[in-house]
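Peer 1: Letter by letter, the chains look like this.
Protein chains: 2
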Amino acid sequence: MSKYWSKLAARLEPYVPGEQLKDKKYIKLNTNENPYPPSPRVIEAIKAAADSRLKLYPDPLAADLKETLAEYYGVKSSQVFTGNGSDEVLAFCFMAFFNSDEEALFPDITYSFYPVYANIFNTKYREVPLNDDFSIPVEKFYNSEGGVIIPNPNAPTARALSHDDIEKIIINNRDKVVIIDEAYVDFGADSVVDLIGKYDNLLVVQTMSKSRCLAGLRIGWAMGQEELIEGLTRIKDCINSYTLDRLALAGAEEAIKEDEYFQATRKKIMTTRERIIPELEKLGFKVIPSKSNFIFISHVKVKAEKIFLRLKEEGVLVRYFNKPRIDNYLRVSIGTDLEMDTMIKKLEQIL
Amino acid sequence: MSKYWSKLAARLEPYVPGEQLKDKKYIKLNTNENPYPPSPRVIEAIKAAADSRLKLYPDPLAADLKETLAEYYGVKSSQVFTGNGSDEVLAFCFMAFFNSDEEALFPDITYSFYPVYANIFNTKYREVPLNDDFSIPVEKFYNSEGGVIIPNPNAPTARALSHDDIEKIIINNRDKVVIIDEAYVDFGADSVVDLIGKYDNLLVVQTMSKSRCLAGLRIGWAMGQEELIEGLTRIKDCINSYTLDRLALAGAEEAIKEDEYFQATRKKIMTTRERIIPELEKLGFKVIPSKSNFIFISHVKVKAEKIFLRLKEEGVLVRYFNKPRIDNYLRVSIGTDLEMDTMIKKLEQIL
Numbered sequence: 623m624s625k626y627w628s629k630l631a632a633r634l635e636p637y638v639p640g641e642q643l644k645d646k647k648y649i650k651l652n653t654n655e656n657p658y659p660p661s662p663r664v665i666e667a668i669k670a671a672a673d674s675r676l677k678l679y680p681d682p683l684a685a686d687l688k689e690t691l692a693e694y695y696g697v698k699s700s701q702v703f704t705g706n707g708s709d710e711v712l713a714f715c716f717m718a719f720f721n722s723d724e725e726a727l728f729p730d731i732t733y734s735f736y737p738v739y740a741n742i743f744n745t746k747y748r749e750v751p752l753n754d755d756f757s758i759p760v761e762k763f764y765n766s767e768g769g770v771i772i773p774n775p776n777a778p779t780a781r782a783l784s785h786d787d788i789e790k791i792i793i794n795n796r797d798k799v800v801i802i803d804e805a806y807v808d809f810g811a812d813s814v815v816d817l818i819g820k821y822d823n824l825l826v827v828q829t830m831s832k833s834r835c836l837a838g839l840r841i842g843w844a845m846g847q848e849e850l851i852e853g854l855t856r857i858k859d860c861i862n863s864y865t866l867d868r869l870a871l872a873g874a875e876e877a878i879k880e881d882e883y884f885q886a887t888r889k890k891i892m893t894t895r896e897r898i899i900p901e902l903e904k905l906g907f908k909v910i911p912s913k914s915n916f917i918f919i920s921h922v923k924v925k926a927e928k929i930f931l932r933l934k935e936e937g938v939l940v941r942y943f944n945k946p947r948i949d950n951y952l953r954v955s956i957g958t959d960l961e962m963d964t965m966i967k968k969l970e971q972i973l
Numbered sequence: 623m624s625k626y627w628s629k630l631a632a633r634l635e636p637y638v639p640g641e642q643l644k645d646k647k648y649i650k651l652n653t654n655e656n657p658y659p660p661s662p663r664v665i666e667a668i669k670a671a672a673d674s675r676l677k678l679y680p681d682p683l684a685a686d687l688k689e690t691l692a693e694y695y696g697v698k699s700s701q702v703f704t705g706n707g708s709d710e711v712l713a714f715c716f717m718a719f720f721n722s723d724e725e726a727l728f729p730d731i732t733y734s735f736y737p738v739y740a741n742i743f744n745t746k747y748r749e750v751p752l753n754d755d756f757s758i759p760v761e762k763f764y765n766s767e768g769g770v771i772i773p774n775p776n777a778p779t780a781r782a783l784s785h786d787d788i789e790k791i792i793i794n795n796r797d798k799v800v801i802i803d804e805a806y807v808d809f810g811a812d813s814v815v816d817l818i819g820k821y822d823n824l825l826v827v828q829t830m831s832k833s834r835c836l837a838g839l840r841i842g843w844a845m846g847q848e849e850l851i852e853g854l855t856r857i858k859d860c861i862n863s864y865t866l867d868r869l870a871l872a873g874a875e876e877a878i879k880e881d882e883y884f885q886a887t888r889k890k891i892m893t894t895r896e897r898i899i900p901e902l903e904k905l906g907f908k909v910i911p912s913k914s915n916f917i918f919i920s921h922v923k924v925k926a927e928k929i930f931l932r933l934k935e936e937g938v939l940v941r942y943f944n945k946p947r948i949d950n951y952l953r954v955s956i957g958t959d960l961e962m963d964t965m966i967k968k969l970e971q972i973l
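Protein chains in written order, with the numbering used here: chain X, 623 to 973; chain B, 623 to 973.
It is worth saying that the hints were derived from the structure and are not from the lab. It is possible that some hints are incorrect.
One copy or any two copies: either way a pair holds, since identical chains are not told apart in the list.
[Stated by the list, open to error] List time: in silico DSS-like cross-link candidates among lysine-lysine, alpha-carbon distance up to 30 angstroms:
{"no.": "1", "residue 1": "Lys-820", "residue 2": "Lys-625"}
{"no.": "2", "residue 1": "Lys-669", "residue 2": "Lys-647"}
{"no.": "3", "residue 1": "Lys-629", "residue 2": "Lys-945"}
{"no.": "4", "residue 1": "Lys-625", "residue 2": "Lys-698"}
{"no.": "5", "residue 1": "Lys-629", "residue 2": "Lys-746"}
{"no.": "6", "residue 1": "Lys-629", "residue 2": "Lys-762"}
{"no.": "7", "residue 1": "Lys-908", "residue 2": "Lys-934"}
{"no.": "8", "residue 1": "Lys-913", "residue 2": "Lys-890"}
{"no.": "9", "residue 1": "Lys-647", "residue 2": "Lys-879"}
{"no.": "10", "residue 1": "Lys-820", "residue 2": "Lys-629"}
{"no.": "11", "residue 1": "Lys-790", "residue 2": "Lys-629"}
{"no.": "12", "residue 1": "Lys-644", "residue 2": "Lys-669"}
{"no.": "13", "residue 1": "Lys-644", "residue 2": "Lys-698"}
{"no.": "14", "residue 1": "Lys-625", "residue 2": "Lys-790"}
{"no.": "15", "residue 1": "Lys-644", "residue 2": "Lys-934"}
{"no.": "16", "residue 1": "Lys-879", "residue 2": "Lys-820"}
{"no.": "17", "residue 1": "Lys-746", "residue 2": "Lys-625"}
{"no.": "18", "residue 1": "Lys-820", "residue 2": "Lys-698"}
{"no.": "19", "residue 1": "Lys-669", "residue 2": "Lys-890"}
{"no.": "20", "residue 1": "Lys-669", "residue 2": "Lys-879"}
{"no.": "21", "residue 1": "Lys-945", "residue 2": "Lys-968"}
{"no.": "22", "residue 1": "Lys-904", "residue 2": "Lys-967"}
{"no.": "23", "residue 1": "Lys-698", "residue 2": "Lys-629"}
{"no.": "24", "residue 1": "Lys-945", "residue 2": "Lys-928"}
{"no.": "25", "residue 1": "Lys-762", "residue 2": "Lys-625"}
{"no.": "26", "residue 1": "Lys-923", "residue 2": "Lys-913"}
{"no.": "27", "residue 1": "Lys-928", "residue 2": "Lys-647"}
Sequences and hints are given; from them, build the entire structure.
Peer 2: Next up, the structure:
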């Protein structure tokens, strides 16, 4: 606490990202990064952009990247907003669409940044409890006072909502914005990008940090009809004209154009996921159905925190949340086959 | 206007950056970029960082870059905060240190992003009128209710404050934060980084977009005692854990280490500036004394807006602000010698 802090700075409770330990070499299954490197074409595009043009500001509109994303997803480029990771895009969403006197809704177990955004931007909100199996109680998101934000698949549970259920939530909130955070959608869930033309209250947020193997490049984007995109742009233009540097813009554009690599990589992750789930079940784990690049698991006998600490000792980092309802679960990112086999061997020893 | 926008989004008046025209090849003297490319060593460092590690998140603490900056500027690494351009750092400053019920002070003619930040983050503020010669009325910044922010040199006037005058402002605001925005300090003004150890209410903000030739990389930072840095970190960690991507971190670190290139480049700019000022005066321009990589000029006979439009037709972009007190001035970035000579030839034709 400092006398120099604003009232805002003084009351904040910042988000804590997953550990980035450097004391030894870990198998890193704790921040949902992709275990595969970005496509060589992306690396080449970045290197080609690293030249004297770095003396000039990047395009504040990110027009080329928006055009590329729009073409790929079948929307107009005026229906795309880009930002410094989906975290920045989500932060701007809270500022652009939610209010301090109308209750926005999100699940009680979800991306733990949402309540942090709500707190800093003074959003009124209510956390809707998930069902006991961590599925989303769809009807409880109808007729929100101030809007809705839901990740699909949800994090850290990995459970997905059906396309129909999301459409129901959109239809039953026609005067408020429904934000679907599709950070993990490419690992088996249904995107609702196809509904953007149909509903002007739908905003879909995506990222290159997971399925595009580019967590280190900080690229996120939102897609929705023009009024929503303009709302986000108004916020951005009051904070930072250029949030994506020239190298990130170049790499991101190529990552979208390089579809073959993307398809192959996400399929590898899904294949590994499906292969290891029965192995974990054999070891006594309950595994929540996953459509993501991570799984949410709980052991019938051994406490999650104990397994978390023992795995860390053994050089395997997974994520443990000391929070009500999920404090006996572990979130485990899907790594390479070798990484997952090593983890399973370690688990066999521990259990 | 949209029914989906928050009250905040609806009331905003976004900042408008300098034009980035693409219809033809321009001599770009309108956004204060550096006319010289970044050092080849910086380009190499970026290329070396463009590899499979991009699949991993960047260091959220930017520890290596902070260490490099701290060593260069003679502060501790705990006294450095890094962000996505100084714009993002400045935005976080408004959130971290200013309040809605205590009046912060900045000049009436200054970086036009300040009132935009104040508006979006609900800061109470008062614009202190500059003297008629655009110098800063130092004593009018004493005993502020809510803090002070001043660019040194000021923009778009290019005038610098003396080290002594800044120290007086700091001393006369001991209970409030004094932010000195040193975006342009490397072109001849005195930095007050040396006062950080002495005053815990001083925060100095700098950027790589001007003197380090890296506008395209989006690197800014703040230096101050630990309490102020912690205030900024609290804000950042509520919005975006990782604001600098891996390539920007690598390039920025090398840009600080490569001091020889930096010294040579900034001297070239200052030499060109001093050379062309008498030439402009010969053409009938009044030139405000400049310690920056731009000059603020006004013609005795021809209106600034007319010169601005004619130069644009001739392929030379400068910045014109249609605002009270400065609507007969042009802000002209210092380009290469060739660019400046071309501009002067065009001006001779126009006048």
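Peer 1: Look at each hint and say if it fits the structure.
Peer 2: Each hint, compared with the structure:
no.: 1; hint: Lys-820 - Lys-625; verdict: between (51 angstroms within a copy, 17 angstroms between copies)
no.: 2; hint: Lys-669 - Lys-647; verdict: both (28 angstroms within a copy, 24 angstroms between copies)
no.: 3; hint: Lys-629 - Lys-945; verdict: within (27 angstroms within a copy, 33 angstroms between copies)
no.: 4; hint: Lys-625 - Lys-698; verdict: between (48 angstroms within a copy, 21 angstroms between copies)
no.: 5; hint: Lys-629 - Lys-746; verdict: both (18 angstroms within a copy, 13 angstroms between copies)
no.: 6; hint: Lys-629 - Lys-762; verdict: between (34 angstroms within a copy, 25 angstroms between copies)
no.: 7; hint: Lys-908 - Lys-934; verdict: within (21 angstroms within a copy, 68 angstroms between copies)
no.: 8; hint: Lys-913 - Lys-890; verdict: within (13 angstroms within a copy, 57 angstroms between copies)
no.: 9; hint: Lys-647 - Lys-879; verdict: between (33 angstroms within a copy, 28 angstroms between copies)
no.: 10; hint: Lys-820 - Lys-629; verdict: between (42 angstroms within a copy, 25 angstroms between copies)
no.: 11; hint: Lys-790 - Lys-629; verdict: between (40 angstroms within a copy, 26 angstroms between copies)
no.: 12; hint: Lys-644 - Lys-669; verdict: both (27 angstroms within a copy, 23 angstroms between copies)
no.: 13; hint: Lys-644 - Lys-698; verdict: between (43 angstroms within a copy, 21 angstroms between copies)
no.: 14; hint: Lys-625 - Lys-790; verdict: between (49 angstroms within a copy, 21 angstroms between copies)
no.: 15; hint: Lys-644 - Lys-934; verdict: within (12 angstroms within a copy, 53 angstroms between copies)
no.: 16; hint: Lys-879 - Lys-820; verdict: within (26 angstroms within a copy, 53 angstroms between copies)
no.: 17; hint: Lys-746 - Lys-625; verdict: both (27 angstroms within a copy, 18 angstroms between copies)
no.: 18; hint: Lys-820 - Lys-698; verdict: within (13 angstroms within a copy, 54 angstroms between copies)
no.: 19; hint: Lys-669 - Lys-890; verdict: both (27 angstroms within a copy, 28 angstroms between copies)
no.: 20; hint: Lys-669 - Lys-879; verdict: both (16 angstroms within a copy, 21 angstroms between copies)
no.: 21; hint: Lys-945 - Lys-968; verdict: within (25 angstroms within a copy, 68 angstroms between copies)
no.: 22; hint: Lys-904 - Lys-967; verdict: within (13 angstroms within a copy, 81 angstroms between copies)
no.: 23; hint: Lys-698 - Lys-629; verdict: between (41 angstroms within a copy, 27 angstroms between copies)
no.: 24; hint: Lys-945 - Lys-928; verdict: within (15 angstroms within a copy, 64 angstroms between copies)
no.: 25; hint: Lys-762 - Lys-625; verdict: between (42 angstroms within a copy, 23 angstroms between copies)
no.: 26; hint: Lys-923 - Lys-913; verdict: within (25 angstroms within a copy, 70 angstroms between copies)
no.: 27; hint: Lys-928 - Lys-647; verdict: within (21 angstroms within a copy, 64 angstroms between copies)
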